[in-house]
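The hints should help you fit chain D onto chain Y, whose structure is shown.
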Amino acid sequence: MRGGISKHIPWIALAIVGFVALLVLAVSRGEPVSALWIVAASVSCFLVAYRYYALYIGRRVMRLDPARPTPAVYRADGLDYVPTDRRVLFGHHFAAIAGAGPLVGPVLAAQMGYLPGTLWIIFGVVLAGAVQDFMVLFISMRRDGRSLGELVRMEMGAVAGTIALVGTFVIMVIILAVLALIVVRALADSPWGMFTVVATVPLAMLMGVYTRWIRPGHIGEVSLLGFAGLLLAIVYGQSVAASPVWGPLFTFTPVQLCWILVGYGAVASILPVWLLLAPRDYLSTFLKIGAIAALAIGIVIMAPPLQMPALTRFVHGGGPVWSGALFPFLFITIACGAVSGFHALIASGTTPKLIATEADAPLIGYGGMLMEAFVAIMALIGASILDPGLYFAMNSPAALMGATPETAAAAVTAMGFPIAPDMLAQTARDVGEASIISRTGGAPTLAVAMAEIFSHVVGGPAMKAFWYHFAILFEALFILTAVDAGTRAGRFMLQDLIGLVAPSFRSTDSFVAGLVATGLCVAAWGFFLYQGVTDPLGGVNTLWPVFGISNQMLAAIALMLGTVVLFRMKQDRYAWVTVVPTLWLLVCTVSAGLLKLVSADPAVSFVAHALKFSDAASRGEVLAPAVSMDEMRRIIFNDWVDAGLCVLFLAVVLSLLVFTIRAIVAARRADTPTAHEVPPHAVPAE
Amino acid sequence: MLRFVRETALLMVGQPSYRVYLAHMAERHPGRRPMSRVEFFRDREKMRYGGKGGGRCC
Numbered sequence: 136m137r138g139g140i141s142k143h144i145p146w147i148a149l150a151i152v153g154f155v156a157l158l159v160l161a162v163s164r165g166e167p168v169s170a171l172w173i174v175a176a177s178v179s180c181f182l183v184a185y186r187y188y189a190l191y192i193g194r195r196v197m198r199l200d201p202a203r204p205t206p207a208v209y210r211a212d213g214l215d216y217v218p219t220d221r222r223v224l225f226g227h228h229f230a231a232i233a234g235a236g237p238l239v240g241p242v243l244a245a246q247m248g249y250l251p252g253t254l255w256i257i258f259g260v261v262l263a264g265a266v267q268d269f270m271v272l273f274i275s276m277r278r279d280g281r282s283l284g285e286l287v288r289m290e291m292g293a294v295a296g297t298i299a300l301v302g303t304f305v306i307m308v309i310i311l312a313v314l315a316l317i318v319v320r321a322l323a324d325s326p327w328g329m330f331t332v333v334a335t336v337p338l339a340m341l342m343g344v345y346t347r348w349i350r351p352g353h354i355g356e357v358s359l360l361g362f363a364g365l366l367l368a369i370v371y372g373q374s375v376a377a378s379p380v381w382g383p384l385f386t387f388t389p390v391q392l393c394w395i396l397v398g399y400g401a402v403a404s405i406l407p408v409w410l411l412l413a414p415r416d417y418l419s420t421f422l423k424i425g426a427i428a429a430l431a432i433g434i435v436i437m438a439p440p441l442q443m444p445a446l447t448r449f450v451h452g453g454g455p456v457w458s459g460a461l462f463p464f465l466f467i468t469i470a471c472g473a474v475s476g477f478h479a480l481i482a483s484g485t486t487p488k489l490i491a492t493e494a495d496a497p498l499i500g501y502g503g504m505l506m507e508a509f510v511a512i513m514a515l516i517g518a519s520i521l522d523p524g525l526y527f528a529m530n531s532p533a534a535l536m537g538a539t540p541e542t543a544a545a546a547v548t549a550m551g552f553p554i555a556p557d558m559l560a561q562t563a564r565d566v567g568e569a570s571i572i573s574r575t576g577g578a579p580t581l582a583v584a585m586a587e588i589f590s591h592v593v594g595g596p597a598m599k600a601f602w603y604h605f606a607i608l609f610e611a612l613f614i615l616t617a618v619d620a621g622t623r624a625g626r627f628m629l630q631d632l633i634g635l636v637a638p639s640f641r642s643t644d645s646f647v648a649g650l651v652a653t654g655l656c657v658a659a660w661g662f663f664l665y666q667g668v669t670d671p672l673g674g675v676n677t678l679w680p681v682f683g684i685s686n687q688m689l690a691a692i693a694l695m696l697g698t699v700v701l702f703r704m705k706q707d708r709y710a711w712v713t714v715v716p717t718l719w720l721l722v723c724t725v726s727a728g729l730l731k732l733v734s735a736d737p738a739v740s741f742v743a744h745a746l747k748f749s750d751a752a753s754r755g756e757v758l759a760p761a762v763s764m765d766e767m768r769r770i771i772f773n774d775w776v777d778a779g780l781c782v783l784f785l786a787v788v789l790s791l792l793v794f795t796i797r798a799i800v801a802a803r804r805a806d807t808p809t810a811h812e813v814p815p816h817a818v819p820a821e
Numbered sequence: 033m034l035r036f037v038r039e040t041a042l043l044m045v046g047q048p049s050y051r052v053y054l055a056h057m058a059e060r061h062p063g064r065r066p067m068s069r070v071e072f073f074r075d076r077e078k079m080r081y082g083g084k085g086g087g088r089c090c
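Chains as they are written, first to last, in the working numbering: chain Y, 136 to 821; chain D, 33 to 90.
Same shape as in the complex, but just chain D:
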């Protein structure tokens, strides 16, 4: 329940789940080093506010 609220709140501000990202990397790209939690955070932040996408409404 707590995890659900946390993930909802984070995705509301454009941060997808780091846990899911790690799972994806482990499954599909076991050889590649995944981004650290902080790198992941920065990468998503840049994505959301880079201007493209990340839209929101009036």
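For reference, chain Y alone in the conformation it holds in the complex:
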């Protein structure tokens, strides 16, 4: 080896920094710890993991060959297949994978303290999440840039491919519902926030008209104009909210917002894309990247102390934000950021068609996911620099908190996180809201933290309300874009699936088929959204774990695909790279799924909850929080639907496990590699 040991010295030093930082985080109890220790621990772990583990996987496990033409090279067409500079492609890939998920999960996970979440994000991403993204990118890159469903079909058979597609569609529905629910929780009874978000619709349409007829294709220009419009909307939002005429017009209850979102989703996804979706996507993408960068800089400048304890008493379960103990529920609560199955769709989407050489794959696949983990770490820091009393008052369901600062402060103090009612009222005034109690869903909590950090750097306390609404707008904007784009993608998935039975349904030009599929898709996520909105426990409590289980199961499927491919490549001795995270995800998701079905605790299990309410209903009793027999019946019905979903997810993942084992056994029997790679010369160049 050239250079010998000396080239490793800086990396060893970095590893020591990471180790010391982790040690500081792990042993401190009670005394204030700076958030920079979390930053130091994660950044140094990520860099060392990239330098050694990602390159090890690339060289030894996948045997990447920089000389082998990628689809971008042998199919180059200047449009879909373009060999792209790796830094440019990194930006594209990161913008596609990072969304609301890594911002919300860690905030919810903070109920157990900052330590469990930090450790899971760091170790989860290094050993599972980044491996998954990298592996799927590699598999797709060697197979002409095909999509996850096709890859599963190629390597594991047609039945396995169809099962994976069904699973993906259901996961998509749950994701859309839970994202929409977060927006509902953030905007309910908040005229200022609602006004700014509503204002983005005409603003995006003006931008659409501008790029269509006035200055076609000038994205940078129109985005700057749009951004100026957004800032004006935030500034004027305050006067609108305060106005006795306009304020009430923008004040909605959660149920009203639910219907508005469902209607919006249906209309937005059939409008021409240039009118609303594309221009809003420019705004939300650039705002997202800008806000994430600003947050990183802000945290470093402010160096805030962590106020949340390292561990809270809720590690054993019984927490108000979400139910269940640390194992397995922490590992499904933080999905995006540690390991996210949805990335398998992106890593087998546009990215493999743009990668210029196989040598770039570690940076894009593994490095891109490390970057998302860093976003998750920042969200966790955000939640942990707030007063724990404030955190729990914002994230506990209204059924526990009551409606006033006094009742909420008393409830949170009783949990062991003392806080004065004045402090809750003052925080609400600071951020320009009527109340911040029970603003569940993570987004408002993160917005309060971002307001804290940004106002420390720019503007001081007077700017807090502005920054709070800026943060809410930033989150709501890209969630709405995801709802719109996701409904479109879901529509095509559904058309493909129904097309398996009724082939005429598959035609993407058919107006009726498109309308029916769009309607079904909106109805599906609308159902879960309505269920979440009317859930007396706040909905996030119920829906987020279902989302986490489904997302992690998709990750398990992607990693099983990776395992099959490694065995088929005759790389058996390196298969542990994907087998270890697969097993861990299977253990977490299957036990979480089973607990949701068979646990005796009605707070955890849908079935126990349904039975408890059925029993009461048969005695003619109405259990709180239901207030009528009708509500009792709805709660029971919802419980059974959720339980059914858990059964479905378990069936999907376990049946794919059987296909995986069969494929591995067959691959081991064969004497030669059996992986179905598509050789570069098999496809004619454009």
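Pairwise CB distance ranges (calculated):
hint, chain 1, residue 1, chain 2, residue 2, range
1, D, R64, Y, V390, 52 to 58 Å
2, Y, W381, D, V37, 38 to 44 Å
3, Y, T669, D, V37, 43 to 49 Å
4, D, R65, Y, G425, 35 to 41 Å
5, Y, S645, D, L54, 33 to 39 Å
Just so you know, these hints were derived from the structure itself, not from any lab. No residue lacks a Cβ here, since even glycine has one placed at the ideal position from N, Cα and C.
Using the frame of chain Y, we list chain D on its own:
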């Protein structure tokens, strides 16, 4: 540097480089008329938001 930032930002919203497209057309299909900048923009926009592909994450 400016070009790099510009191309990164454009690809983030699904618009590949028009310059690279023109170079590709000139090299491989010198006889064919390449799409104009606006046609190229519309074509890529349709591709990204047509529903298929163009995915993004939660």
